[in-house]
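Visitor: Respectively, the protein sequence lines represent chains A and B.
To convert, take the position in the first sequence, counting from 1, and add 129; that gives the working numbering.
To convert, take the position in the second sequence, counting from 1, and add 6; that gives the working numbering.
Don't take each hint at face value.
Interface residues of chain B toward chain A, partial, derived using beta-carbon atoms under 7 Å [claimed, not checked]:
id	residue
1	G216
2	A220
3	R322
4	L324
Below are the SDA-like pairs computed for lysine to any residue, each with C-alpha atoms no more than 20 Å apart in a straight line [as the list claims (entries may be wrong)]:
id	chain 1	residue 1	chain 2	residue 2
5	B	K33	B	I64
6	A	K187	B	V211
7	A	K187	B	R215
8	A	K187	B	S432
9	A	K187	B	L214
10	A	K187	B	E318
11	A	K263	B	V211
12	A	K187	A	N244
13	B	K32	B	A75
If you want the ones that stay clear, here's a sample from chain B, every Cβ over 10 Å from chain A, calculated [to be verified]:
id	residue
14	R88
15	R112
16	D138
17	A323
Calculated from the structure, these hints are not laboratory results.
A quick note: this is a predicted structure, and the numbers were derived from the prediction, not measured.
Just so it is clear, CB atoms sit at the ideal spot from N, CA and C, and this is done for glycine as well.
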Amino acid sequence: MSAPSATPLLAIRGLRASYGKVEALKGVDLVIKPGEIVTLIGANGAGKSTLMMTIFGKPRARAGQIEFDGRDITGAATHDIARMRIAQSPEGRRIFPRMSVAENLQMGADATNSNDADRTVSLERVLTLFPRLKERMTQRGGTLSGGEQQMLAIGRALMSRPRLLMLDEPSLGLAPLIARQIFDAIRILNREDGLTVLVVEQNANHALRLAHRGYVMVNGLITLSGTGTELLARPEIRAAYLEGGRKT
Amino acid sequence: MGPDVAAPAPNQQPAMRGPGIAFILKKSFISAFVALILFSLMIGIRTLPSESGQLTYITRFPQLAAMVAIVFGGSIIVELLRQWWGPVDTLRIVPPQVQTGLGIARRLLAPMLLIFTFLVPVIFYDQRYILDLAILVLTYVMLGWGLNVVVGLAGLLDLGYVAFYAVGAYSYALLATTFGLGFWECLPLAGLLAACWGVMLGFPVLRLRGDYLAIVTLAFGEIIRLVIINWQSLTGGPNGISGIPRPTFFGIPLTPGENGLAAKLGIDFSPTHRIVFLFYVILALALLTNWVTIRLRRLPIGRAWEALREDEVACRALGINTTTTKLTAFATGAMFGGFAGAFFATRQGFISPESFTFQESALVLAIVVLGGMGSQLGVALSALAMIGGFELFRGFDQYRMLVFGIAMVLLMIWRPRGLIGHRAPSVFLEQSRAISSDLVKEGHG
Ligand SMILES: Nc1ncnc2c1ncn2[C@@H]1O[C@H](COP(=O)(O)OP(=O)(O)O)[C@@H](O)[C@H]1O
Ligand SMILES: [Mg+2]
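Excised from the complex, chain A in its bound form:
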């Protein structure tokens, strides 16, 4: 695990966020360095998705600070954050079902106003990464299989040429073999393109093997962090997230 120890790409300090009166993040600290794959694991309802969405500006941070590449982005508008080239593939994939695969991919590039040349380059990259999408460019998104939809969701996020890619439960509802393909693609993106990735997962085993470092979230707080191998070795992690047990 040779994560470069440069200045962090993303630094989160004391982040709090809530839905009405329900506090979902209760002071989260998290750091992602350039070129790292970081995973965030935790049970259902721990606040993982909320953290990802708060980084993206909605819900707004109640307290704390989010810094991206040295710039404070706390409270910035979602579309401005996207323009700093942070991209996300949201939970449940959320591709556009009636639009074609090609249109779905274009949507990913639209928000960042990328020019035609950039679009062509990113499209090329997405299609070499997921050749299956190439055969289905004119097919409607809703007619894809679950695995293909996940590839499309990641591809769509990649179209904006992100510096930080955030994936919310990319293996959700996928057969193990397909989930492996998705994780392989993330590994390739990280190794070949130097892409920094934050992967939110319930599938801790896969995620911790993939990631350089991991964070464990329980009820809106980070309770543990360490390298992937360290966390995998810890008995409490094994008990809670690996051997079927699902404890909060």
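Dock chain B with the ligands against chain A, hints included.
Guide: Just chain B with the ligands now, kept in the frame of chain A:
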């Protein structure tokens, strides 16, 4: 392919035949029961003033029973019809030759229709009635295309579209009668003002979706109408505005006198000239609407509208600015409504609040929904069918609405997604791919 988990495909219904008799009977019983509850007070009991002046009631159980029986029987028929046709998505076994034939016919339909429309004033030059009807149809085609941007593309249910039609009409009428401006100067102003109102409606409803949005837009339409009725000093209230100038041929009036267009061209004056001119004006305006919409659909903003209709959360996750996306959709749709309103004012020469009731909004919305929510050709066809059909059934008098309603119900059963329900892609890769996808679509709807 591997042991992949099949994704839920929202738009792809499995091709199965309809359920059995038990299901139909159950459904019909439920419909009949609802009818019984609804009609028990509406039909079953009737209040009458008695001789002493007090209110009494009589019961009308036979009528009630008849009504419920009709609902029951009708429900069975509708269900059977639905099974007989099958939903539009079912794979029908059609020989490939017929399929390609249909494909060609479909591709030729739009150009043929356009050519025919251009020739309408030539073919029907002597038939004033048909020319007037054609102008009316084109006005609704334009309104339909305008509303299509908001409802069909952006998926924002707008029940108050007539407000922008009214703003356009009154803008032109007031600018022309008070400042003496001509139609062509006022047209962009009317569009601009309507677009401003579109943004003004857009702001408060940014967070609303579906039913809530529909209610607020409905109210907005009514508010505009009530303001027009009550602001007597400006709008003339219920009396409306008359003496609105007719359009000129770029400054040359279409009148009989010395300066008229006919005299300048050295031909005999005929009142039909103006009708023909109006016909081509609205045709040009409608085609402009269509062209702009088609162009916008291929740009990021148009794609964002469609994405917004599909999934707003996903749009936000991609960093699409949903606020500007919604506001531009409202503004663009409103602008076209404003253009159409200005045209309406100059054609009528007289406007009053009566022309801008909720019925108009409902009619335009029906045109868009029937046309297939987003399909330009579908909207044009359904405007033709609705407005033309309405005229066709003029002889039926009070049954007109009934015939109309039945026709619409049948159409929605036969084609639940509207006349032209499939969506044409806006991103093209290579010609060959685009065509092959078209063929695929012929297959599954
Ligand atoms: N839109 C929402 N409105 C209200 N509460 C929410 C909303 N989304 C999530 N929550 C609550 O916030 C907490 C964290 O949820 P979430 O971030 O989705 O967890 P995770 O992704 O780890 O499963 C949960 O208690 C959940 O019920
Ligand atoms: Mg989640």
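Visitor: Hints first: check each against the structure and report whether it holds.
Guide: Consistency of the hints with the structure:
no., hint, verdict
1, G216, "violated (17 Å)"
2, A220, "violated (21 Å)"
3, R322, "holds (6 Å)"
4, L324, "holds (5 Å)"
5, K33/B with I64/B, "violated (31 Å)"
6, K187/A with V211/B, "holds (19 Å)"
7, K187/A with R215/B, "holds (18 Å)"
8, K187/A with S432/B, "violated (30 Å)"
9, K187/A with L214/B, "holds (17 Å)"
10, K187/A with E318/B, "holds (13 Å)"
11, K263/A with V211/B, "violated (39 Å)"
12, K187/A with N244/A, "violated (27 Å)"
13, K32/B with A75/B, "holds (14 Å)"
14, R88, "holds (23 Å)"
15, R112, "holds (18 Å)"
16, D138, "holds (39 Å)"
17, A323, "violated (4 Å)"
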